[in-house]
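From first to last, the protein sequence lines stand for chains L and F.
Numbers given in my numbering equal positions in the first sequence, counted from 1, plus 1.
Numbers given in my numbering equal positions in the second sequence, counted from 1, plus 1171.
Simulated from the structure, these hints should not be mistaken for laboratory data.
Note that the Cβ used here is the ideal one computed from N, Cα and C, for glycine as well.
Be a bit skeptical, because a hint or two may be false.
Just the calculated beta-carbon pair ranges, DEER-fashion [unchecked claim]:
hint : chain 1 : residue 1 : chain 2 : residue 2 : range
1    : L       : LEU86     : F       : GLN1210   : 40 to 48 Å
2    : F       : ASP1214   : L       : MET48     : 37 to 45 Å
3    : L       : ALA121    : F       : ASP1214   : 58 to 66 Å
4    : F       : ASP1245   : L       : GLU175    : 35 to 43 Å
5    : L       : ALA33     : F       : ALA1201   : 19 to 27 Å
6    : F       : GLY1289   : L       : PRO52     : 56 to 64 Å
7    : L       : ASN107    : F       : GLU1260   : 57 to 65 Å
A short, non-exhaustive set of chain F residues, derived as facing chain L with CB atoms under 7 Å [to be verified]:
hint : residue
8    : GLU1176
9    : GLY1179
10   : GLN1196
11   : THR1205
12   : HIS1244
13   : PRO1300
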Amino acid sequence: VTGLRKYAQADRTRRCEICRTALAGEHRHLVALDERELRCVCRPCGMLFDPAGAGGGRLRSVPERYLSGGPIGDLDWDRLQIPVLPVFLFENSDLGRVVACYPSPNGVTESMLDLDEWTALRDRHPLLGLPVPDVEAIFVARAAAIEAYLVPIDVCFAVAGMVRLNWRGPDGGETVRRGMAELLADLRTKSRKAFTLKE
Amino acid sequence: VTTPELAGERIDKLLAELRSSPDPQAAGAAEELTRCLVQLYGDGLARITAMLGDLRTAELCADPLVESLLLVHDLHPLAAPERVRAALERHDITVYEVSHTDDVVRVQIAAGGCSAAGRAEAIARAAAPEAGQVVVETARPLLQIALRR
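Just chain L, with the same shape it has in the complex (with noise of 0.2 Å):
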């Protein structure tokens, strides 16, 4: 393209949302607290705006860490009265208070959480304790048995916009299922143990 044709063509490269430089392939998110929204922002950005950074305030950088604990008993999850899994938590800090939230056909949906049945699953599982208020979370799903794993908060907006786009018939079918399971063997692979258990 060649001349002002360029500039009569809406703008279609992918650019940092502060510097407006474009984004090669892979960047960071930042979480907008103002609009609870993410922001795809280049590398040196996402440095800027991390917990220890610059930047600060009401952009917070969307840290890269996966960890994993052990599986949750189905008897310490079920007091929780969460109906539905996947599920994934996370402290608002503007609500001072964890949030549980649920992918579904008509986008992320709240749960109602017994916060003090989470305080004490908290105090059985410290995984549950670590994620930084509104830029990482818990992911609990259910394959064989009951999993979790601290996740970047990016990842559960990825799992919502898979699960609202490809919902299909009463159980989300085919695609929402296979994603489903690719998600977790990625976060088996990608997570390290948070604690090493001690006997």
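With chain L held as given, fit chain F onto it using these hints.
Relative to chain L, chain F alone:
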């Protein structure tokens, strides 16, 4: 008289200067500003051509500046092959066939001097800027008649 080509070159040059300036973000902002203005005028031209209809718009294309502005915004009433043929014939190039498929404009012209194909390609490219690729083939005329001097 300015043309879209000259204006485009001037803008590219200014943006390149900004990009190598100490504040590269300024280049991004300037590019977006350019986009914003060009697209606003493009939207306006789209309204105007829609109200005029293809015939009246085609008449306006007799003015080279108007024609090239409409090309910038993909608003030219004639299809690419017709435009390419007309432009080449204006330059006294004999055109056998012009096709436009899969983003490629293919032109068949009569064999001319050494620079004929290159010149034809530049003309065709300018007449069909939306094409990703312009291919010029020179075809021998069916009958070759050599002049004996």
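Evaluated hints:
1. LEU86/L - GLN1210/F: 40 to 48 Å: Since the Cβ atoms of LEU86/L and GLN1210/F sit about 47 Å apart, the hinted range of 40 to 48 Å holds.
2. ASP1214/F - MET48/L: 37 to 45 Å: Since the Cβ atoms of ASP1214/F and MET48/L sit about 39 Å apart, the hinted range of 37 to 45 Å holds.
3. ALA121/L - ASP1214/F: 58 to 66 Å: holds (60 Å)
4. ASP1245/F - GLU175/L: 35 to 43 Å: Given about 41 Å between the Cβ atoms, the range holds.
5. ALA33/L - ALA1201/F: 19 to 27 Å: holds (25 Å)
6. GLY1289/F - PRO52/L: 56 to 64 Å: Given a distance of about 60 Å, which is inside 56 to 64 Å, the answer is holds.
7. ASN107/L - GLU1260/F: 57 to 65 Å: holds (60 Å)
8. GLU1176: holds (5 Å)
9. GLY1179: holds (3 Å)
10. GLN1196: This hint holds: GLN1196/F lies near chain L, its Cβ roughly 6 Å from the closest one there, short of 7 Å.
11. THR1205: Holds - the Cβ of THR1205/F comes within 7 Å of chain L, reaching about 5 Å at its closest.
12. HIS1244: Holds, because the Cβ-Cβ distance from HIS1244/F to chain L comes to roughly 5 Å (cut-off 7 Å).
13. PRO1300: holds (6 Å)
Violated hints for the displayed structure: none, as all numbered hints are satisfied.
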